[in-house]
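Engineer: Listed in order, the protein sequences are those of chains Z and S.
For what it's worth, full-length UniProt numbering labels the leading residue of the first sequence as 1, then goes sequentially.
For what it's worth, full-length UniProt numbering labels the leading residue of the second sequence as 1, then goes sequentially.
Hints are computed from structural coordinates only; laboratory data are not their basis.
Glycine is no exception: its CB is placed at the ideal position from the N, C-alpha and C atoms.
Heads up, some of the hints might be wrong.
[As the list claims (entries may be wrong)] Derived list of chain S stretches under chain Z, where covered just means 3 residues or more per stretch with a C-beta under 8 Å from a C-beta of chain Z:
| # | region |
| --- | --- |
| 1 | 218-229 |
| 2 | 240-253 |
| 3 | 286-298 |
[To be verified] If you only want the chain Z side, here are some residues facing chain S, beta carbon under 8 Å, derived:
| # | residue |
| --- | --- |
| 4 | N128 |
| 5 | E168 |
| 6 | E175 |
| 7 | G179 |
| 8 | T188 |
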Amino acid sequence: MTARSVQSLSGALKLLFNNRLTRVYGAATCTQRHKSSYTPPPARYGGRHTVTLIPGDGIGPELSKHVCELFRFCCVPVDFEVVNVDSTKDSEDDINNAIMAIRRNGVALKGNIETNHNLPPSYKSRNNLLRTTLDLYANVMHCQSLPGVRSRQTNIDIIIIRENTEGEYSSLEHENVPGVVECLKIITRTKSLRIADYAFKTARAQGRGRVTAVHKANIMKLADGLFLECCKEVASGYPEITFDSMIVDNTTMQLVSRPQQFDVMVMPNLYGNVVSNVCAGLVGGPGLVPGANYGTDYAVFETGTRNTGKSIANSNTANPTAMLLASCLLLDHLKLHAYASMLRRAILCTVTETRLHTADLGGHGSTSEVVRSIMSAVQSTGPRTLSI
Amino acid sequence: REDIDQSDSSLYRGSLVTDSSFRERISIRVPPLYRGSLVTDSSFRERISIRVTPLLFGGSLRISCELVRGYRSEGSLRISGSLRISEDLCFIRMAGNAWRSMLSQVVGGAARPLTAAFSRRGMQTVTMIPGDGIGPEISNAVMKIFEAAKAPIQWEERNVTAIQGPGGRWMIPPDCKESMDQSKIGLKGPLKTPIAAGHPSMNLLLRKTFDLYANVRPCVSIEGYKTPYTDVNLVTIRENTEGEYSGIEHLIVEGVVQSIKLITEDASRRIAEYAFEYARNNQRSSVTAVHKANIMRMSDGLFLRKCREVAENYKDIKFTEMYLDTVCLNMVQDPTQFDVLVMPNLYGDILSDLCAGLIGGLGVTPSGNIGANGVAIFESVHGTAPDIAGLDMANPTALILSAVMMLRHMGLHDIGNNIQNACFDTIRDKKVLTKDLGGNSKCSEFTDDICRRIQDM
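Bound-form chain Z, shown alone (with noise of 0.2 Å):
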């Protein structure tokens, strides 16, 4: 079955049974993918997969657009299927659409939905509903300092491993009264112990010696406190890693004079939002990191800092190096290492040996013409590519 032809089926079904149903219909053949222990392959298909393409708001459009020119033009076996996400719509049916991709081709790569902030509390940020509802639980940052991109620290190389699917991010508020709100931060055992598992397996895969736990123990007891329990746990069954733990505070101020001590760093939601945006800011800016989601059936890959850019939306000067170094992670999830590291070189070239930068960069560049300077790149190592 390819995928336009899932698609359809699943709109018949969509007509037959209302909306509540076709959820059920796709969690029951959810279920069966839960009941083997194995990752279920991507959606593949005559040796081409097939991958959901969320381009999201502000810059989002544009960079995914460059990152299809650049997959077509490295004949990358990857086809996309665009779902759009229109923020501005009140009904939740988009981003319903958009769960239903992903579930069908298991990988995802996505721009920021915008969230307007003065809307009211019943619409959910949709990229938090993606990540809640596909249980996302881990996001995963590498921050590297590269040469050649200016910077004040250099020598930077830290795995943010951030709980990414409780924490403060439950949107679980109510007005007791008029005048006083209550946000609840919730706290689970269960996915505490799976984070800080994911964290130490990662450690462990990438030859790792240290794993830092950030949290505010000191104040909030419990929550905190459960968290950095189920931590030293997991943290015993790995006598090879070096565990400690970090107060937020204190981390901030330390990665701010001396980052290169760091080297994984675990922790739930809201910290981990900190923690990722200044070590994104130290080793160059939001526009240099890719990001990725993982949760056991599905990944789902963008940008690390998540900013939708709206005031360079359209005007060519955005940075495409997050969401192209994001679409290498891509590349590796769905196991095509060749491919992967032959673009991630070209790009990192483009970066540290052309320096041919954008203006968040200090540079001069625009968007197109880094992407052309990768394309050239990719060519003058000598695979087969369509011409330029």
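Fit chain S to the known structure of chain Z by using the hints.
Structural biologist: Only chain S this time, still in chain Z's reference frame:
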């Protein structure tokens, strides 16, 4: 033109500022536009005459007020308000609120000489809480410096240890509370946080006792202390009573914990008002509210709404809102774009420490806690450093800068500036730096150097 009635006609000819001999006393009658302000009372006008010390052209002036005619002039009470000098330079245009707040300070200041605080030869009492560890050494250093600078401050030393009052409630010793209530200003060294002592931390107790709702941390790059970030000049104002640190946590079922973040309208309004007042009084041009309302729509949304409402009353100050992650991202790339930041408790905790890291750490960062009822406690935020306690190795810079903040709060700007300049000069000279600043001198040598510089000034 009819609005201003004054003795010096040079106002009409040129700008207020170019004439440096403009020291004549002028009395400014505020036009009826500002009805409802303190000034409509004509008898008031006679009591106060305002001498304008010209500083800038076309920008904000600092008004230095001298109490005359019936009040002993106790030196200049400097009140800073922002005046917009209009292009035609005919009259001083001032927003009604600015005038009102400025004059309420003047009147308050005028009233204050009558109360006990200024009575004894103009000495202001300040409660000093030395603290633990290196606390006593650095407090002594500050007292020595103040003596050398001839600051009109009388110190009352008090110790805070938690005692259990009637009903089992933990509280601070009553003599400390009395002293603070009378003097309204406190300077605190680092306090030890006891683990498993059964009572909450001392900082928390102080915060609850005096309702210290605003934590202000001005972060300014120190010239002599090199960090990768130069030209940092921002202030973080953090709501200190509620937010994520409300301490309300529950174990729902085994393995599920919830922590409650509390945002109330009153607290948000109070902190927003303080932030704008602070911006106005310290000639800051913009206030940025930091939030995460895209995710926490109701709670941070309420905070934002209150900030927006308060911003309506302070049209002379630019108000922007920014997401927490964007602030963090931009802060480490270019901290010069920020001015005053106001935010709820958790974000404030993280951001204020981030900014402290930008200028060199907690050892050189001042901090002030403002409470309801005019109480203000200025403190150093570093730890007690028990390993170097008593060895004369401590760095008193943080407490010195907090003391300077205190002097500014009290209106003694000249002395504050002298002490701050002396401190910065000593650090810039690099001859007598303490160990954490990169030298190997003693704390007493550092202090003596600062005292010498002040006396030379």
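Engineer: Against this structure, judge whether each hint is valid.
Structural biologist: Right, here's what the structure says about each hint:
1. Note: the region 218-229 of chain S has 3 residues with beta-carbon separation from chain Z under 8 Å; the three-residue rule is met and the coverage holds.
2. For the region 240-253 of chain S, the proposed coverage by chain Z is satisfied: 6 residues have a C-beta within less than 8 Å of a C-beta in that chain, meeting the threshold of three.
3. Counting residues of the region 286-298 of chain S whose CB lies closer than 8 Å to any CB of chain Z gives 8, which reaches the minimum of 3, so the coverage claim holds.
4. Because the beta carbon of N128/Z sits about 6 Å from the nearest beta carbon in chain S, less than 8 Å, this interface hint is met.
5. Interface restraint check for E168/Z: the shortest CB-CB distance to chain S comes to about 7 Å, inside 8 Å, so the restraint holds.
6. For E175/Z, the suggested interface contact is upheld, since its CB lies about 6 Å from the closest CB of chain S, less than 8 Å.
7. The closest approach between the C-beta of G179/Z and any C-beta of chain S is roughly 4 Å, which is under the 8 Å cut-off, so the hint is satisfied.
8. Interface restraint check: T188/Z against chain S, minimum CB-CB distance 5 Å, threshold 8 Å, status holds.
Hint violations for this structure: none, all hints satisfied.
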